[in-house]
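Trainee: If you read the protein sequences in the order shown, they are chains D and F.
For reference, each letter of the first sequence is one residue, going 1 to 406 in our numbering.
For reference, each letter of the second sequence is one residue, going 1 to 321 in our numbering.
Be a bit skeptical, because a hint or two may be false.
Once the Cα atoms are required to be at most 20 Å apart in a straight line, the calculated SDA-like pairs of lysine to any residue come out as [said to hold, decoys possible]:
| id | chain 1 | residue 1 | chain 2 | residue 2 |
| --- | --- | --- | --- | --- |
| 1 | F | Lys248 | D | Asp234 |
| 2 | F | Lys318 | D | Asn95 |
| 3 | F | Lys309 | D | Gly146 |
| 4 | F | Lys318 | D | Pro258 |
| 5 | F | Lys152 | D | Gly218 |
| 6 | F | Lys152 | F | Lys198 |
| 7 | F | Lys248 | D | Gly235 |
| 8 | F | Lys248 | D | Asn336 |
| 9 | F | Lys99 | D | Pro243 |
| 10 | F | Lys307 | D | Arg208 |
| 11 | F | Lys248 | D | Ala106 |
| 12 | F | Lys152 | D | Pro337 |
| 13 | F | Lys99 | D | Pro252 |
| 14 | F | Lys248 | D | Gly146 |
| 15 | F | Lys46 | D | Asn333 |
| 16 | F | Lys248 | D | Glu129 |
| 17 | F | Lys309 | D | Arg208 |
| 18 | F | Lys251 | D | Leu145 |
| 19 | F | Lys46 | D | Gln221 |
| 20 | F | Lys307 | D | Thr233 |
| 21 | F | Lys46 | D | Ala127 |
| 22 | F | Lys318 | D | Asn333 |
| 23 | F | Lys46 | D | Glu257 |
| 24 | F | Lys251 | D | Gly144 |
| 25 | D | Lys314 | D | Phe88 |
| 26 | F | Lys318 | D | Ile187 |
| 27 | F | Lys64 | D | Ala250 |
| 28 | F | Lys46 | D | Arg204 |
| 29 | F | Lys64 | D | Ala14 |
| 30 | F | Lys307 | D | Gly128 |
| 31 | F | Lys307 | D | Ala127 |
| 32 | F | Lys251 | D | Asn142 |
Think of the hints as simulated: they come from the structure by calculation, not from any bench.
Just so you know, these numbers come straight off a predicted model, no measurement behind them.
Here is how the chains run, residue by residue.
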Amino acid sequence: MDVELQINNGATAATRFVSWAPSPCRIRVTNPSGATSPTVNVTIAGVSSASGGVVVFRAGATGSFANSLTLPVPTNGTTVPFFVAGRFGRPSVNNGDVKIEARVGATLVGSVSLMVRIRKNANALTAGERDRFVSAFAQLNNQGLGRFADFRNMHTNVSSPQAHGAPGFLPWHRAYLLDLERELQAIDPSVALPYWRFDQAAPRIFNRDFLGVSNALGTVQFNATNPLQFWKTDGVQGINRRPFFSTTSAPPGVRTEPQTLALGTQYAAFQTMEGNPHGSAHTSFGGSIASIGTAAKDPLFFLLHCNVDRLWAKWQRQNGRFNPALAASFANNGGNPIGHNLPDTMWPWNGITGGQRPPTAPGGSMAPSPCVSAPGLQPRVQSSLDYQGTVNATSRMGFDYDDVQF
Amino acid sequence: MAPTRKAAKRSKPARKKSPKKSPKKSAKKSARKRSSKRSVKAESPKVAARRAASIATSPKGTVKARVAAAALAPLAVCESDKDLQAMLKTLRNQDEPVKVRLAALQAMQAASFSVVAFESSRGDYIATLRAIADDPDPELRQRVLGILAREKDGYAQKKLLEGLKDPKKALVPPEKALQLLSYDVHADAYSAARDIVKKPPDEMARREALRLLAADATAAPMFEKLLRDKKELREVRQIAASALQALKPEKMQQHAREILLDKSDYDDIKATSLTALAQFGDQEAIGKDKALLKSVDRLSAGKASAKYKQSASRFLGKYGQ
Chain D
1 MDVELQINNG
11 ATAATRFVSW
21 APSPCRIRVT
31 NPSGATSPTV
41 NVTIAGVSSA
51 SGGVVVFRAG
61 ATGSFANSLT
71 LPVPTNGTTV
81 PFFVAGRFGR
91 PSVNNGDVKI
101 EARVGATLVG
111 SVSLMVRIRK
121 NANALTAGER
131 DRFVSAFAQL
141 NNQGLGRFAD
151 FRNMHTNVSS
161 PQAHGAPGFL
171 PWHRAYLLDL
181 ERELQAIDPS
191 VALPYWRFDQ
201 AAPRIFNRDF
211 LGVSNALGTV
221 QFNATNPLQF
231 WKTDGVQGIN
241 RRPFFSTTSA
251 PPGVRTEPQT
261 LALGTQYAAF
271 QTMEGNPHGS
281 AHTSFGGSIA
291 SIGTAAKDPL
301 FFLLHCNVDR
311 LWAKWQRQNG
321 RFNPALAASF
331 ANNGGNPIGH
341 NLPDTMWPWN
351 GITGGQRPPT
361 APGGSMAPSP
371 CVSAPGLQPR
381 VQSSLDYQGT
391 VNATSRMGFD
401 YDDVQF
Chain F
1 MAPTRKAAKR
11 SKPARKKSPK
21 KSPKKSAKKS
31 ARKRSSKRSV
41 KAESPKVAAR
51 RAASIATSPK
61 GTVKARVAAA
71 ALAPLAVCES
81 DKDLQAMLKT
91 LRNQDEPVKV
101 RLAALQAMQA
111 ASFSVVAFES
121 SRGDYIATLR
131 AIADDPDPEL
141 RQRVLGILAR
151 EKDGYAQKKL
161 LEGLKDPKKA
171 LVPPEKALQL
181 LSYDVHADAY
191 SAARDIVKKP
201 PDEMARREAL
211 RLLAADATAA
221 PMFEKLLRDK
231 KELREVRQIA
241 ASALQALKPE
251 KMQQHAREIL
261 LDKSDYDDIK
271 ATSLTALAQF
281 GDQEAIGKDK
291 ALLKSVDRLS
301 AGKASAKYKQ
311 SASRFLGKYG
321 Q
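Please put together the full structure from these sequences, using the hints given.
Mentor: Spelled out as structure tokens, the structure:
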């Protein structure tokens, strides 16, 4: 007998990525030989390598998770649904480092390797995770000629009012990061965007194997094996970044995580984090990252914003702020600028140009994911809030943070 | 064992909780503490930011307190014209301590990220930056010119070019001027960079000039020469490799192959060449290139650093070796 396990309801390797939020899965008998009854009891369980990811299961959309699950599966090929999630605190390190095995009694009848793909603290990545991320990023940029140029062009002075200075700041950047992450995953599906915890020392980020070491002038230098040595944006070689602090410590004056989370339980209060820590983290450097129009030239920008997004996610979890219908989840007073109200579509993914929108919309629609359908090709502000599918399971965007539970 | 200094310090608060104090007094103090904690918590981010802006811009406070307060002031700068003007005044005032002025600049720049809220203040901000672009303090000058250059500010670009042509007028060292001009490269900047490459005042200025010329198509032959010159500094050869990969990718791929085949070239430049091939090379052609794979195998098995050997092994692994 053989069974097929479909992760994220898909049968291809591209769908075999899960996070803390439960992924809908299916199991079906593909070869009933040896079956003696209309249904067989199949037990599924995860098998992990020492440092690999760990998965847990449940039969329905609600209820508690378990290390294994026994399901009655019809032998006529009808699929049976179940849910898989990564066990919080046990993300994968490599693609396929956790396997789901299906057994009837002691007999193995099917298996599938997958990854608990989670956004992690960049300072704690393994060398392999770091190198895969850097390599994918360098390929995406392809010396300023690749798809990354669109991301560079999305974050400029002209487009800035779509993304800054109003309540849509956090939703817009969440969509922006997700779009970029999906493009990186199209190059290497094992990559998740890491974050720079700007309230902690991060010496393993600011080294020559990762995001480089700045010389006295602020020119960032890399090892000969680091593909970022070929970085080029706007036709200009290299990265300019001059830290105003020792990179063996955290930048001073930037609000810490507890201070940020204590800004208030209403979104209107929390969104003031756009100034500090967000703006203050940007301006703890000289160089391109310190100005809106040039910030996206530096790969560090995306790690900084990943942390901003993580803080929002953590605040949402702490205060239960995933539901757009809840007033405290967003500052939707109806008078926000365009692109900053809950029902508004977000530029550039909506393709709208002119008028109150920028004159061009680089990059087209949001990159699709083989694992999830949210937030859709043309996300709205409101589609960014319920990123784990807490309120509505179909809103799940397929990413999670290593320290923010489902 | 005698207590360590740290342990002694830690024991201090415990001593403060002396049982000698009357329970009534203690209770009052606790209540005051709780109340004070509540009032700090209850203070909205906007109120806290305005209070911080007031401390940062008042000459009465200590430098340390003012610098710390400025970090919490960006929101106030966006919300209140009074706070904005006070912060700009602090930034302009040469009698203020430089540390405070730098903190005020950082707060203003952080506030500028809140585009919609900051938009009405942008004009005043840029005008202030231009006014202090020639400030006597070199660090402040450099940071201000950096912000203006990133905004592609014509005034700053003019000043930077003038300084390159006439060192007496230079507001920043030539290498910094070149770096800042690279945010918006014009023909004038290329011309100044070429002059510096011909007659560099120092090595750093030469490197920045080369970096700037990496966008100049006519510079490709120069970069080919630099890449293959074994007497050149590694960093210069690395700049040349990156420039060539962008200007003439097919030439860079050819040179990268030749460098890897050359037993006498240095391991670090071989590693750069290998990275160029791995990232941007024609994978099918590389897989069939036995001589190249053999040379990479030599690198992986030779006396190169562990990092280079690992990179070579990964390359070979990719091509099934």
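Trainee: Now tell me, hint by hint, if it's right for this structure.
Mentor: Hints, one by one, checked against the model:
1. Lys248/F / Asp234/D: holds, 17 Å
2. Lys318/F / Asn95/D: The hint holds at about 16 Å.
3. Lys309/F / Gly146/D: The given pair, whose Cα atoms are some 29 Å apart, is violated under the 20 Å limit.
4. Lys318/F / Pro258/D: The given pair, whose Cα atoms are some 44 Å apart, is violated under the 20 Å limit.
5. Lys152/F / Gly218/D: Between Lys152/F and Gly218/D the Cα gap is close to 18 Å, so the pair holds against 20 Å.
6. Lys152/F / Lys198/F: violated, 27 Å
7. Lys248/F / Gly235/D: holds, 13 Å
8. Lys248/F / Asn336/D: violated, 48 Å
9. Lys99/F / Pro243/D: holds, 16 Å
10. Lys307/F / Arg208/D: holds, 12 Å
11. Lys248/F / Ala106/D: Violated: Lys248/F and Ala106/D sit about 60 Å apart, past 20 Å.
12. Lys152/F / Pro337/D: violated, 26 Å
13. Lys99/F / Pro252/D: The hint holds at about 13 Å.
14. Lys248/F / Gly146/D: The given pair, whose Cα atoms are some 16 Å apart, holds under the 20 Å limit.
15. Lys46/F / Asn333/D: Between Lys46/F and Asn333/D the Cα gap is close to 18 Å, so the pair holds against 20 Å.
16. Lys248/F / Glu129/D: violated, 31 Å
17. Lys309/F / Arg208/D: With Cα atoms ~17 Å apart, Lys309/F and Arg208/D stay inside 20 Å; holds.
18. Lys251/F / Leu145/D: holds, 17 Å
19. Lys46/F / Gln221/D: This hinted pair is violated, its Cα atoms lying about 40 Å apart.
20. Lys307/F / Thr233/D: violated, 27 Å
21. Lys46/F / Ala127/D: violated, 42 Å
22. Lys318/F / Asn333/D: Roughly 55 Å separates the two Cα atoms, so the pair is violated.
23. Lys46/F / Glu257/D: The hint holds at about 18 Å.
24. Lys251/F / Gly144/D: Holds, at roughly 18 Å.
25. Lys314/D / Phe88/D: holds, 14 Å
26. Lys318/F / Ile187/D: Answer holds: Lys318/F to Ile187/D is near 15 Å, not above 20 Å.
27. Lys64/F / Ala250/D: holds, 18 Å
28. Lys46/F / Arg204/D: violated, 35 Å
29. Lys64/F / Ala14/D: violated, 54 Å
30. Lys307/F / Gly128/D: holds, 13 Å
31. Lys307/F / Ala127/D: holds, 11 Å
32. Lys251/F / Asn142/D: Cα-Cα ~16 Å, so holds.
Hint compliance for this structure: hints 3, 4, 6, 8, 11, 12, 16, 19, 20, 21, 22, 28, 29 are broken, all remaining hints hold.
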